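> Sequence:
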Amino acid sequence: MNGSDQMNTDDGDIGRKLLLDHQFLAAELSRLDKTEPEHVPATTAPGISVIVPTYHGRDRLGALLDSFVGQTARYTDFEVLVVCNGEDDGSSALLAEFASAHPKLDLRWVVNSVAGAGAARNLGLALASRDHVTFVDDDDVIEPRFLAVLAEHVREQSIVVTSIIDVDEVGNRRASSPLRDRIDELRGQSVPITQVPWVLGFNAAKLVPTELARAAEYSETLSSGEDVVYFAHLLRWPELTVIVPADTDDAAYLRSLRPGSVSRQQGEYDFSVAQRLACVRAIRDIAVPAQAADARLALERAQCGFAVRYLREHPEDADRVADAVARAGVVGFPWSEANSNSAKDLVFAYCFSPFSDTSAVVAAKAIAQRAKVVDVVSNDMSGIRRVDPAVASLAERWIDHLDVLDAPPSFSGWEAISSFATKAVARAESRASRNGGYETLYSRALWIGSHVAAAMYKSRHWQVEWSAEFSDPLRTDVVGARRKGDFSENEVSMKLRRALDSRGYGHLPIESLFDLVEAATLVLADQVIMTNDNQCEYMLSAYDDPGLRQLVEQKVQIRPHPTPPAAAYAVTPTSYRMPTGVVNIAYFGSFYPNRGIGEVLTAVYNLPMEQRRRVRLHIFCNKPAEVGAQVTALGVAANVYVRGYLPYLEFLNATTLFDVLLVSDVDRGLGMDINPFLPSKYSDYRGSGSKIWSLVDQGSPLSTAPNHYQSQVGNSAEIVRTLKEIVADSALDPASLLLGERSNA
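Per this note's numbering, the very first residue in the sequence shown carries number 1; after that it's consecutive.
I should point out that these hints are in silico values taken from the structure, not numbers from a laboratory.
No experiment lies behind these values; they were computed from the predicted model shown.
Don't take each hint at face value.
No more than 27 Å apart at the CA atoms, straight line, and that leaves these computed lysine-lysine pairs for DSSO-like [as the list claims (entries may be wrong)]:
| id | residue 1 | residue 2 |
| --- | --- | --- |
| 1 | K495 | K623 |
| 2 | K623 | K484 |
| 3 | K372 | K555 |
| 4 | K691 | K344 |
| 5 | K344 | K372 |
| 6 | K691 | K623 |
| 7 | K495 | K423 |
| 8 | K104 | K344 |
| 9 | K555 | K623 |
| 10 | K423 | K484 |
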């Protein structure tokens with residue numbers, strides 16, 4: 001058949017309804033997208049459907065149509081479907097005239113009032129009547145053997161790809177191009193699709209089974225890159241192979257490079273950054289089997305490559321690009337490629353992303369707060385810490401190189417810590433030899449390997465300014481007891497002792513590895529960072545040396561844990577759901593006997609029943625089974641929900657859902673005159689927009705930090721009063737209880 005398909009409102013004719021009703025077409029395509037191809041009825045005949053979307057293409061279509069007439073394939077082996085999208089510029093008349101002149105050519109065309117190449121291709125797919133499809137743009141042409149060669153190489157579970165030749169504005173063929181060269185290297189081969197995902201990065205020169213092609217649809221909202229996203233769906237079937245014929249002579253796709261083409265837009269921000277990030281998100285949302293995950297990642301990285309190249313040409317736009325990456329929620333953007341050996345600052349972070357640990361998270365936030373491109377040296381914490389790759393997004397913009405070493409992970413094993421420090425210094429020296437050296441150095445502990453490596457590096461490079469952060473005291477634990485940890489007199493410990501001697505502090509009492517590392521850090525660091533004044537006073541009170549106190553007080557900086565940027569709270573929407581019509585209070589953190597959460601459970605039990613019905617306490621902790629048993633035994637299971645930790649970025653998002661966030665001081669032991677601890681969760685809560693309820697130890701750093709509600713740890717009556725105050729402030733109508741759910745998903 002040749003001619004124009006007629007459209008009417010006869011709902012009994014589904015084909016015509018597809019043409020007439022665009023919403024019906026979109027719904028049908030959505031249904032097909034959710035249907036595995038093997039369940040789609042086989043309604044196609046053998047051959048190739050060539051789909052040509054055109055927009056105001058009257059002046060371009062002639063050459064393409066002539067190339068169809070010149071095909072060596074029989075006319076009965078293919079059909080040409082031209083979809084004119086948007087206002088008709090006379091293309092229909094041109095097509096009618098051409099069809100009349102070539103009656104044997106199976107040429108059909110439709111006019112779709114919805115402008116856009118994606119919509120046109122979707123309509124073409126719906127109309128295709130052959131069992132394979134290929135796409136050709138209206139400004140391109142195909143060589144005479146193009147369709148015949150594609151058809152000759154059709155195999156089960158495969159797509160066929162042939163050569164692409166670029167043609168400039170005056171008709172000159174380019175001898176080579178990166179894409180053409182990559183395709184030609186595969187001539188005569190059949191390769192798993194997961195090994196050549198770049199083949200999915202363009203529309204042209206591919207022959208795809210129609211049933212697979214119909215299992216997805218082109219995005220009609222993306223400004224560009226809809227072809228990459230569309231073909232990325234083929235990774236849902238990783239068993240597919242890509243066949244490139246050995247003989248592609250006179251069988252190439254001739255791609256026209258004209259003004260307005262993709263190659264002309266690559267220097268623009270909107271195209272290179274905003275549009276590419278939208279594509280990355282769309283590709284990432286495609287669920288693929290595990291064996292295709294790396295291939296999907298390769299497609300994402302290729303899209304990010306445009307933004308990286310833009311950054312190299314426009315470094316002044318780094319903040320703008322970073323904001324766009326955060327808004328798009330793109331975790332894993334290849335910032336290291338953009339930073340490219342520019343780091344002049346070094347970080348030793350023994351425990352760092354992708355490992356999930358408070359120290360790793362705070363180190364990442366600190367790097368982001370410092371806003372300097374850094375090289376990071378960390379340790380492999382596999383086996384003792386779970387992996388949370390999304391944590392990297394907090395600081396990835398500022399990381400040039402992240403070196404993860406393979407020293408045995410240990411909190412207090414001196415030989416393992418020494419091994420890390422030695423390897424870390426060697427790796428830093430290697431990096432420094434290539435980038436001209438470092439200007440500053442940052443380390444953070446509670447994992448003391450960070451400070452050991454930094455002290456050794458500082459002893460070799462006195463000109464490098466070292467900032468050392470203590471999250472907590474090293475010598476003592478959370479109840480004030482001295483930490484134990486023997487150390488041997490190896491090369492590392494002797495270097496630290498010699499460094500103390502050279503500064504006049506060799507007399508300091510050293511009984512454990514924690515004593516040695518804390519003293520060496522306090523003495524050698526150029527800047528000492530602590531989270532609060534109590535911590536500084538508590539740590540210095542352990543030393544009977546006025547000179548050391550004066551030295552540290554001159555260089556100490558009090559800096560609470562950084563609050564994440566606002567965009568971090570939206571990167572990973574939580575699927576956690578909670579009831580509406582009640583006050584939702586959340587506690588996130590480890591469950592320790594000396595934290596006040598147990599008293600809160602008792603307070604919930606002691607509430608009058610009318611007020612208890614209005615309260616839901618959500619506990620996310622390290623011991624959900626143990627806490628759950630305690631909740632059940634207390635008889636408050638209807639009011640208290642217990643589960644394990646959330647991944648960090650999901651946790652940040654979840655904090656924005658709750659009415660009140662609960663944070664608790666450590667109930668310090670008798671051996672501590674003052675409370676030196678500021679819970680790190682407090683800094684995360686501050687950026688959530690939710691109210692904060694602090695359970696405080698008298699005189700603690702948390703007791704002076706801004707909050708909405710405050711109760712004393714250990715004062716059960718005061719905790720009950722605070723709960724009543726929270727319920728009263730909510731001004732909830734009891735009749736509205738449990739009318740729905742709240743979620744950010």
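> Are the hints correct? Go through all of them and say.
Cross-check of the supplied hints:
For the suggested pair K495 and K623, the alpha carbons sit about 41 Å apart, so the restraint of at most 27 Å is broken. For the proposed pair K623 and K484, the alpha carbon gap of about 25 Å is at most 27 Å, so the pair holds. Between K372 and K555 the CA atoms are separated by roughly 21 Å; this keeps the pair inside 27 Å, and the hint holds. A hinted pair counts as satisfied when its Cα atoms are at most 27 Å apart, and K691 with K344 does not qualify at roughly 40 Å.
Taking the CA atoms of K344 and K372, the gap is about 8 Å. The hint holds against a cut of 27 Å. Simply put, K691 and K623 have alpha-carbon atoms about 25 Å apart, close enough for the 27 Å limit, and the pair holds. For a cut-off of 27 Å, the pair hint linking K495 to K423 stands: about 15 Å separates their Cα positions. Note on K104 and K344: the hinted pairing is violated, with a Cα-Cα distance of about 70 Å set against a maximum of 27 Å.
This hinted pair does not check out: K555 and K623 have alpha carbons roughly 40 Å apart, beyond 27 Å. For the hint pairing K423 with K484, the CA-to-CA distance comes to about 25 Å; that is within 27 Å, so the pair holds.
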